[in-house]
Each structure stands twice: as C-alpha cells, then as structure tokens.
Amino acid sequence: MADNYSLVSMKIINFLGLEDVNINFTNKDQPRKIMTIFGHQGSGKTTILRAIQWCAYGTKFRDKFHPLSRTKIFPLSWSGNQQGDIVVSMRFRSFNSIEPDNDIQCKRTLSINSDIDKLEVSVGDENFDRFKSENYFSQIFGKNPGDFDAVMWLIRQEEMLTMSKTISQANNSTNSYFLNFMNLDVSEDALSELLNTNLEEIDRIGKGQGIYTPEYLNNINTSIKDLELKIQDYSFKLNVLMSDKKNFSLNAQEEKAADLRESFISANQELNSAKIELANLKIKRGEVPELFHALMAAKLIKKEIEIDQSFDGSKFEWGEIATYLSKTNRIPNQYIDIIRSIGNGSGYDTSNLFNAKQKISSWESRIRKLKSALTRYHKAALAVDDFTKNGITDEKTASAVKKMKERNKINEEFKDRELEIGLMERNLKAQKKERAKATKSLKAESEKRERLDELKRINSVIYALKNSIALSNEDYIKEMFDSTIQRVKQYWNEIDLIGKYEPMLEDNENPEFVLRRKKDGKIVRISDGANISTAAGGEQQLLLVCTCLAVSESSGAKMPMILDDCFTDIDKKTREKLVEVVAKKFGSMILVTNDPDKGKLLKNSDGVLNLQWPSKWNQINQSNYTEWHKWTENVNG
Amino acid sequence: MVEKITKTDTTFSVPRRISPKTGNTMYLNWQNLLDSEMSGSDISGVYCSVLALIEEKTSVFDSEGGTKFTFSGLNNKDMLGHSLCYTIAKLYPEKWRKETFGSFINNQLIPSGYEIVTESNYMEICDIFLSVLEL
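Taken in sequence, the protein lines are chains W and P. Position 416 (the first sequence) corresponds to 416 in the numbering used here; numbering is contiguous. Position 132 (the second sequence) corresponds to 132 in the numbering used here; numbering is contiguous.
What the hints contain is simulated information worked out from the structure, not anything from laboratory work.
Here's a subset of chain P near chain W, in silico, CB distances under 10 Å, partners left out: (1) D35; (2) Y47; (3) I125.
Glycine included, each C-beta is placed from N, C-alpha and C at the ideal position.
Can you build the whole structure from these sequences, using the hints too?
Structure follows, in structure tokens:
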C-alpha cells in the first residue's frame, strides 16, 4: 500500500440531511491534497465529516446515543424509521498514483431491515472479501476507535477533549485512546481465542467425570471369574443329576404302579374296613338258632298263623303225677284229669318261637346290614383282586412310588440348578457388558486426562507467549510513547511562535503531559488542578493539537488529516504556522471552518469547498446539491 | 297245639356237601353270612328246611342218602327241633302225620332247601331271609 491517500470523491445517500449527493474532490481530475471546507453553521460540514467517519467505522449499534448510532444517522424526514438504504462511498487515490485505475473505493451500506453494515472495498475492478476489506480500511483509517467518538485523523473538539482526559493515563491504561491512536495493541486475538477455546474444552472435559474406577473394574473381573467358576461347578452337578435322572427313570409299568399306589392303598383300606364291618355283622354260630326261630316265626306270621303258646308235655310223666295227686285226695278230680291229659298228645315247645316274634325286626335290620356289608366286602375284594391280577402289589407300588419320588426330587433339583445356572449366566452376561462399559469408560477417561494434560501444556505455552508479548508490548508501548512525546515536542517547537511555554511529561507515578513556563518553571496542566496558575487557553489548545498530531502521525493512518475548528484560542500567526506544518507533514489535509479568517489560513490550498444551505432546504439531493456546494479558490465572504 | 309226633331218635339226613367235615365251605358258612361253618348236620338240616319253608319249596327228590342226624341235639337248649316241627305242622298240616312227616322232611324239605343253598349266592340268601322278615 502507498504511504498516504487523498480523497477523490464521495457519494452520500440518505445520511442525515444529505439525501443524494456526489462530492468531487478533484481539480482537473486530480485529487486536491490540501483543501478547505467552508460554510456557515448548519451548512453540512459536520455532516460530511460524520459521513466520512461512518464510512470508515460503521454504525454504533450498541450505543444508541452515539452520533453514529443507527437512528442518529437517519434523515430527519424519516422520523426515526428507516425508509431506505443508507450508503456512503469514498474513493481514495494514493500520492504515488495519478491514474484512477488504482483508486481504492470504500463503500458502506446499511440496508433497511439489516442488523449490520455491509462493507465493500475494491481496487480498480477488483472486489475484496470482508477480511481483506477490513484490512484495507484499517490501513487507511487506522484502528476503529471503538466506543470513543474521537478519530485519529480528525482533530475536533471531541478529539481534543478525549486527549485531554486520557493523556495522563497514556503509560499504563489498556483502554487508552492514546494507545488506540498509536495502533499499538499487538493483536493477541488469535492467542486469546485459542486460550479461551482450550479453557472451554478443559471445563467441558472436567465436567464429564466418569463413574468407573480401576478398583471397580477389578471387582467386576473378580466377580466374573467367581461366576464362571460357579457356573462350571453347577454345570458339573447338573451332569451328575442328568445321570441320576436316567437311573431313576420309571418304565411304563412302574409309572402305572406309582400312579395306582394311592388307589391301591385305598382299595386295601376299603377291603379292610369292609372286612371289619362284615366281621361285626356276620351271624355267629350261637345266633343261628335265634335266627331260625325268627325266620320261622316270621313265616307263620306272614301266613297269619298264630303261634300257640305250648310246651313240651313229654318232659315229665304227667300220668304218674296225676295218679300220685289223686291219691292225696287234695286235688279235685277235674284238675287231676287235666294234669293227666298234659301227658297225652302234648305239643311242641313253642316258647322260643313265641319269643322270636320280638326279634324279627332286629333280624331284618341285621340281615340288611349284613347284605350291604357283604356287598361292600365283595366289591372291595374284587377291586383288590383286580390290582393283584394286574400285578399291582403293595411292594411294587411302594417301590414305584419311592422311585418316582426320588426321580421327582432329582427333576426338581435339576430344574432348580438349570434355573440357577440360567440366572448366573444372565448375570455373567450383564457383568461382562458392564466390564466392557467400564473398560471403555476408563480408556476414555485416560484419553481425556491425556488431552487435559496436553491442553494445559498448550495453555502454559500460550500464557508464556502472552506474557512475552505483554512484556514486548510494554517495551514497545514505552518506546512508541517516548517517540510520540518527542514528536509532540517537535510539533510544539515547530508551531509555537511565542516560546513562553514548553511541553513536558511529568516524571512521577502517573505522568501527565503539562506545560512548563520557561521563565519560572511553573506548571500548567491541561485539566484544571490545584495550585496551578492557568496558562493561556491558546497554549493548552496548541498542546492538545500537537499531541493529536503526534499520535496521528504515530498511528500510521493514511487518511488526509482533517482539522475542524480546533484552535479557536490560538493566535492567528500560530494558526498559520500550525496549518503550514500540518500540510507539510501530512501531505494531504482538509481544514474545516466557518470562520472566513481561518478559511484563508491555508496557503497553497488546492481550493475551497464552499457550502451554503438555506434554511428552506430540508435535505440536499440532486435537485439542489449543485447550489449547495461549489469550489472556489478562496472562501466566499 | 300241635301234637308231638316226632321221636327223639327219628333220623333225618342232609346231603354230604352241606354236612360238616365233608361239605362245601361256602354252603356251610352260608356264603360268608356266618362267621364260622355250621357245626352239625342237624343245623344244616334245619337250615335247608327253613329255606324250603320260607320259599315254600317242597319238590320231591329221590333220597340220595347223606349224613344222618336227629333232632335230639337241637332240642337240648334251643328247642329248634320243636320249633321246626311246629312250623312244619302249621304250614303243612296235611303232611304232619306219623306216616308222612319223615319223608316230607327228608325227601322234600331238606333237598328243596339244599337246592336253594346250592343255587343261591349270599345276596339271594339275604333276600330270602328279608322276604320273610319284612312284615
């Protein structure tokens, strides 16, 4: 890039009162290096400067009170609502070039409904990307002053005020306008960004702590081993059981016998019970005569034959008894005859038959029960007999049942073992899965730790680098600061015609740039302070201007230096000298004033841009901008 | 009153197969209705006779001989002989004569009763008893 640039032209659309203007800063197609912009208050001088500043640094979106905030640059007619695109284009030509082919064009656009400015830079026909555009910009305009309103290639009241506030902090403030001027911040952005990224990653790694430990993994391994052994043991026992199962398996007959055991026992019990019942009911030998009597008596009753009560007359010799009795002459003869007759044709003794009548009903009941008992017995005997015929014996069934119980027991045990093995195998599977998980996690933890160590190592290098840069910065800043101070003094010596004061940097903890009265060494501060006699305002202003000039020169910005009514208190001769020095030093300069006297200050000027803005005009556009501005050799009026 | 026409030594006989010592156990214990076998031919004779009287069965059989018995033993305590003779006399008065009663018992009652014994099972015997005991 060339050393310095001149402004060739500007196109402004919808910026404050400038609705649509084209300002040509050339004279016979060549840029005017040194010029004056002259106009009364409200003629648009400041608007042009604001437009240049906005094109350079863009909209201040965050600070709504900043003169370059979004709504502050709207035309008044918009009433706070954007109604179109805002565009400012500037064209620059380097001192070393006379052809427009290498002109740099910078165009900034704030579109309606857009949240950011669009920046376009081109050189000739070549359009640059955003990064390259910003790079060009910073080379031309210097570093973006950020929240400061001041600009390093523009000396206005704002710059002088800002400079006066920060000048004492120049040495050690990291937020210093002074430092910004000098573009001294060595970019540590890349390192800081890497550091932040690493710190974020360290934080992220630190948060995801694993839950597995080596001890846990060891425990799982032990558990798995134990389980495997146990499964092996159980499997062996299972095989033994399998063999037992075979030994205790029942054939069909045994199965049948086992199944029938219960009914076999039941049948035998029934038989026994039937036997006992039968035994109790059977007719005993001694009861047979009673039964016969009952049967015969019942038969006679059924035949409606009455049973006589008779007795066996042959038991005694009734004739002899009668003969004997008659001899006694005590018994009447009729009775003797009866007694004698008992012996004759005596009957059978029916006493038993007669008595048996009382027993008929009980014998009926007895016989019924006996019949039932016999039936029961026969049935039970048949059932038992049936078992016997089928080879179902007590021994066989008992043996079969015992075998079956044993077999069932083995089966149960077999099933239980199988189940246990199944459970253990499932457990084993789960544990192996857990082991795999733990192993993977521990590996990941190990990798994380390695990564953490690596990040920490990288960060320690970055910290060392940053410290080194900071130290370099310090030295560099100090060097630049010292050279800038020297420059201030040089400017002062060149411009100050009175010679009453000299600038000096106080040698204390917070050094301040002050004026020292040569004759008595009294100190004049730029800010009001105690015990200080106030120097003339002109000297203070001159010191500020010299400081701004020195800083601007140190900053490396390539813009034309713009002085905007910054020396109201400086005497005329000194002003002339100031303007002469600036024009010579910077090669390209714009003086902005509303004072006709000041407007004549620039010798060897390339022209005066006269601005006139009558109050009836609300904005400048194609219809009136020719009237609004014109180039003359001198200021009008 | 029934005239006593039988004598103590009047002999009767029962088939050998229902006689103790030679007889069939099932006949002798009434198809298990008895807890022990009948002890004498006289009881066997009464058994057959009673069955025949209940069933009113008096078929005539040729005498085949058998084990002889008298009523003397029956009349010692239980007067079974008296009861039997009385019952026979009441049920078959026309047969109760000195000339005929012997063959009636030997050739009709006892054989008929024996036939019942050999042809009946325990249930049938019980039913025979019940048929007369149910008044």
